[in-house]
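Protein sequences appear in the order of chains F and E.
For what it's worth, this note's numbering labels the leading residue of the first sequence as 140, then goes sequentially.
For what it's worth, this note's numbering labels the leading residue of the second sequence as 298, then goes sequentially.
Rather than coming from a laboratory, the hints here were simulated on the basis of the structure.
It is possible that part of the hints are untrue.
Pair by pair, the computed Cβ-Cβ distance ranges are [unchecked claim]:
(1) E/T476 - F/V153: 55 to 65 Å
(2) E/L370 - F/T275: 27 to 37 Å
(3) F/I248 - E/R353: 30 to 40 Å
(4) F/N191 - E/L324: 49 to 59 Å
(5) F/P188 - E/D615: 50 to 60 Å
(6) F/G170 - E/V481: 30 to 40 Å
(7) F/V153 - E/V436: 17 to 27 Å
(8) E/T348 - F/N361: 30 to 40 Å
(9) E/E513 - F/W244: 48 to 58 Å
(10) F/Y171 - E/V606: 53 to 63 Å
Just so it is clear, the structure is predicted and the values come from calculations on it, not from any experiment.
Cβ coordinates follow ideal geometry from the N, Cα and C atoms, glycine included.
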Amino acid sequence: MDALKRYFRSPAAVLGLVLLLIVVGMAISAGYLYPRDPLALAGRPLVWPFTNPRFLLGTDNSGRDIAAQIFHGARISLLIGGVATLIAVTIGVMVGAIAGYYGGWIDNILMRITEAFQTLPNFVLLLVLVAVFGSTLTTVTIAVGIVSWPAPARLTRAEFLSLRSREFVQAGRTLGMPDAQLILREILPNALPPVIVYAGVVMAVAILLESALAFLRLSDANVASWGNLIGLGRDVLRVQWYVSAIPGVAILITVLAVSLVGQGLNDALNPRLKQR
Amino acid sequence: MRILSLAGRRLAASIPTLVLILVGVFLLLQLAPGDTVDAMMAQMGGGDAATARELRRFYGLDLSIPMQLANYLWRLVRLDLGFSAIYGKPVATVILERLPPTLLLMTSALSFAFFFGLVFGVIAARGVNRWPDTLISTVGLIFYATPSFWFGLMAIVVFSIYLQWLPAGGFEDIGAIRTGIWRVLDIASHLILPSLTLGLIFLAIYLRIMRASMLEVLNLDFVRTARAKGLDETRIITRHVLRNALLPMVTLIGLQAGTMLGGSVVVETVFSLPGLGRLAYESVVQRDLNTLLGIVFVSALLVILVNFVTDLLYARLDPRIAAES
Chain F
140 MDALKRYFRS
150 PAAVLGLVLL
160 LIVVGMAISA
170 GYLYPRDPLA
180 LAGRPLVWPF
190 TNPRFLLGTD
200 NSGRDIAAQI
210 FHGARISLLI
220 GGVATLIAVT
230 IGVMVGAIAG
240 YYGGWIDNIL
250 MRITEAFQTL
260 PNFVLLLVLV
270 AVFGSTLTTV
280 TIAVGIVSWP
290 APARLTRAEF
300 LSLRSREFVQ
310 AGRTLGMPDA
320 QLILREILPN
330 ALPPVIVYAG
340 VVMAVAILLE
350 SALAFLRLSD
360 ANVASWGNLI
370 GLGRDVLRVQ
380 WYVSAIPGVA
390 ILITVLAVSL
400 VGQGLNDALN
410 PRLKQR
Chain E
298 MRILSLAGRR
308 LAASIPTLVL
318 ILVGVFLLLQ
328 LAPGDTVDAM
338 MAQMGGGDAA
348 TARELRRFYG
358 LDLSIPMQLA
368 NYLWRLVRLD
378 LGFSAIYGKP
388 VATVILERLP
398 PTLLLMTSAL
408 SFAFFFGLVF
418 GVIAARGVNR
428 WPDTLISTVG
438 LIFYATPSFW
448 FGLMAIVVFS
458 IYLQWLPAGG
468 FEDIGAIRTG
478 IWRVLDIASH
488 LILPSLTLGL
498 IFLAIYLRIM
508 RASMLEVLNL
518 DFVRTARAKG
528 LDETRIITRH
538 VLRNALLPMV
548 TLIGLQAGTM
558 LGGSVVVETV
568 FSLPGLGRLA
578 YESVVQRDLN
588 TLLGIVFVSA
598 LLVILVNFVT
608 DLLYARLDPR
618 IAAES
């Protein structure tokens, strides 16, 4: 309860939550407000925003409603961001927990692999994965998750290293608990909070990665994604710059919301760490 | 000397990492649909199965995968990255041609981000919780959330299309033949927008880290001593605080080198710069897997080198690191 109160005392955190709720609201209401396929032809191409009440945000190069694509795009961004984060955090926690708990050569090998993933530029690995496995919604989401796990792994490992010799763990070991139970039931619940807070950063980066991939037309072209729309708008940038500008603002707001909420949670849950 | 051997040891320790990356990506690319010969046949406009078989034997693609891997690693030791069927040149040549724009872009983006991150971080830390701090921190947060390619496009709209101050893309003006200083100025004007675009997110990160690290150092005892000696505030900041506060920033350069290289893929595509990042993108689109693997190798090498330099710099800033070893 204290943490909740601390969270709502920070104006930035509250703003982040409001923005996030708006984006989630857009994702939920997309089906009711724009029941038609957002990628279907809706009217004349390149209608400027606020000139036609039927297309509040105008239409793109091929006459598709931008507002509909923005609303449906919120679903895609949140879906890819959320699932990719889940994948990244799951792999990261597993690797970090095993490395931190067992130490020794297991730790050595796992950390070498983590280092390899960190040495290879994220986006280059993402390109390789897309080149190999193609670019459907599923493969892109998994690929974004796969390139994002090293940071949560390091964080989990650090937590496990400091927790594994604590008294409550030693007590458990003396009672004869098996390793799996010690890791999952005793240490993990204590190690998880900072990792969950860090998930905000992972999700922000995941959304940016997917939008960059979509902008390069290497993501799934059959879904209404904000990055896709920016890539399309690039062809008419000279005059109809709004086609690219509008979805960019949507990405900016979503990433801002996710990072503000993550930051707010971090400050609320670790009040001692908060910088003056 | 001690510094060098310390950093050298870290450099040696990264060789297994490099091998791990190469083996991993090599095996990964075996899963990709189509190989070099398929790409070449498509380039030639098709051919019969006998030609394909002949070509596969010529490039050693008929061997088992472990043999191919061993061949590849052995060729790498001799700095032979294989042959790019798409460009009709050795991969090493293609990459070397594309390296300078990327290195220039990364250096200028890094300098921009580092310098302004430092300046704004110091300003924010000195006016902590007052309006300059709030303003700088807010702008930093917005920069952090801005997709770089989108910022690049908007910068093109404003500075190239409406104001017509700067070129919208390319590395240099091909129409005019310039030499000497004019050529340098021309390339510089082409690099302003890409550097700003690539550096933006790093500017946001650096200023945040710089602010936090300044606040931490400002509270240490030796700063209080310096104040008690009667030094003025500017001198305290420049001579005492800055050098210590810089340490986390330098660490960050090494950590972010890979992210920056990845970011240049997108930025180079937006501004059609003929760099390594754009080559990576093109080789994915054209399924030029040999080149892609070469880029993976070179970019990992680049990241390792940046970390090596960072280690040296770090030891230079903090002599205790070299002394402890």
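* **Supplied distance hint 50 to 60 Å, evaluated on CB atoms of F/P188 and E/D615** => Once the Cβ atoms are compared, 54 Å apart, the range 50 to 60 Å for E/D615 and F/P188 holds.
* Hint check for E/V606 and F/Y171 - Cβ pair distance inside 53 to 63 Å -> Between F/Y171 and E/V606, where Cβ atoms are some 55 Å apart, the hint holds.
* Asked: Does the hinted range 48 to 58 Å hold for E/E513 and F/W244 at CB?
  -> Once the Cβ atoms are compared, 36 Å apart, the range 48 to 58 Å for F/W244 and E/E513 is violated.
* **C-beta pair F/V153, E/V436: status relative to the range 17 to 27 Å that was hinted** => holds, 19 Å
* Falls inside 55 to 65 Å, the C-beta gap from E/T476 to F/V153? -> At 59 Å between Cβs, range holds.
* Asked: Lying within 27 to 37 Å: is that true of the beta-carbon distance E/L370 to F/T275?
  -> holds, 32 Å
* Satisfaction of the hinted span 30 to 40 Å by the C-beta atoms belonging to F/I248 and E/R353 -> Holds, at about 35 Å.
* **Verdict for E/T348, F/N361 (Cβ pair) under range 30 to 40 Å** => holds, 36 Å
* Asked: Range hint 49 to 59 Å: satisfied by the CB atoms of F/N191 and E/L324?
  -> holds, 54 Å
* Asked: For the pair F/G170 and E/V481, does the Cβ-Cβ distance stay inside 30 to 40 Å?
  -> violated, 56 Å
The structure fails hints 6, 9 (numbered hints given earlier, in ascending order).
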